[in-house]
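One-letter residues, chain by chain:
There are 2 protein chains.
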Amino acid sequence: MMARIKITIAYDGRNYAGWQIQPNHMTVQQRLCEALYKITKVESRVIGSGRTDTGVHAQGQVAHFDASDNLQMNIYNWVPAFNTALPLDIRVLKAEEVSDEFHAQFGAKLKTYEYRINISSILSPFLVGRVWNEPRQLDKKIFQEALNIFVGEHDFAAFAANRGLGSEPLSTVREITQVEFIDEGEDIYVRMTGRGFLYKMVRLIIGGCMKVSSGRYYLEDLQQLLDHPEVGGTKSPLCAPADGLTLKSVEYE
Amino acid sequence: MMARIKITIAYDGRNYAGWQIQPNHMTVQQRLCEALYKITKVESRVIGSGRTDTGVHAQGQVAHFDASDNLQMNIYNWVPAFNTALPLDIRVLKAEEVSDEFHAQFGAKLKTYEYRINISSILSPFLVGRVWNEPRQLDKKIFQEALNIFVGEHDFAAFAANRGLGSEPLSTVREITQVEFIDEGEDIYVRMTGRGFLYKMVRLIIGGCMKVSSGRYYLEDLQQLLDHPEVGGTKSPLCAPADGLTLKSVEYE
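The listed protein sequences correspond, in order, to chains G and E.
First residue of the first sequence: 1, per my numbering; consecutive thereafter.
First residue of the second sequence: 1001, per my numbering; consecutive thereafter.
None of these hints come from the bench; they were simulated from the model.
Warning: the hint list may mix true and false statements.
Facing chain G, from chain E, some residues (calculated, C-beta under 8 Å) [stated by the list, open to error]:
1) Met1001
2) Arg1091
3) Val1128
4) Gln1223
Bear in mind that the values here come from a model prediction, so they are computed numbers and not experimental data.
Using N, Cα and C, we set each Cβ at its ideal position, and we do this for glycine too.
Start from the sequences and build out the full structure, keeping to the hints where you can.
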């Protein structure tokens, strides 16, 4: 018999080439698989809710794996066992036994990302790799106005990077259910919740809003990209750096 | 003619073997001297208010150096010039022209250190190297009580590490003018202001308070160490790790 375990994970993305296992680069998924092997002495796959890119952080990434009942591991022991086996920049926050039906990727209903912009003229040494430092004057009102056009169901083709040949998604229509703009003076937090995001979608939206709010692009043109995306056509004028992006939470039914 | 420049510096201490230049290890002072050389093409010494140890951070370290008038450098250009030449984990926050009488070390009147303790059972990956994570139960009231005994002028010999033969300070009497205990739930910030601190003094005080507040040492014994330090005698029962320590500010007359 197998038990399916759901884990919630936080990580500092600065030292990793993203979530997904790949040759020649250290990734978060690989670290988790290595930790799981140390605990169980069995090779098993840890399946995440989705990829995060190089340098992107997480406060609530979700993954699952199957563990043999023979382990006789109490559910309360998974968190300390993982955290002893993992490096300090990856932490398992929670472990729950779930039904065999649960799937971290296919079952994900809503994801919330947070993007942090810092506008101070001198970036704190403690925020390197954690924020997008843009010391230029940006109009916060216009940023919010630009951000709000993305709420709802749209064809986000102009706000998606190509992953390369053969890996194009079938549809570029997605729904953003909520955006939040939190103004803390020199720090701006943008939260975006949706039923799924295309590759680099959050960063291309944030980049577009930044261009508009600093007077380097017209809001009407951004709206045009959203309303009339052409296949292989114009893309968002800017992709915000990975540094400021954090996967906050993933919700399941 | 020379102009004396006072700079205020912030740094993330994680990547440095402390402030002071030394062979075979990268230090903050060395980075600043290198940056100054890049700017002026002249070897000059950057003199700090005092050392900070390996892994200790700063938000308001102060230093000075002398620059030739021939440079014709506008005072407003020093900050961007330094920050272009420095790595991102060291930032010059401010540059001011001061009189020849100013000396960053000998003129320092008050220093404020902040020590951050985090008591959560799972340390956030974003706080690694930035706090002392002590998930054990600590009694905040007793911690404050222990902390308060240090205010005033005392012989802190039991709260000073030896720097090695020949480098002992003449006197181990120091004055702590103020302590502050800021309780933010899982984060505790302790601020300590004084006219000067002995080697590892803040960390030995914090370590002692931690021992007392977690019931592993008597407050009376800590008081005893403060009231009756013996030369070469008993030391504070614990030295808190460098991670949690930040030099907040240095004040001059």
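Structure-based check of all given hints:
no.	hint	verdict
1	Met1001	violated, 29 Å
2	Arg1091	holds, 5 Å
3	Val1128	holds, 4 Å
4	Gln1223	violated, 36 Å
Of the hints listed earlier, those the structure fails to meet are numbers 1 and 4, in rising order.
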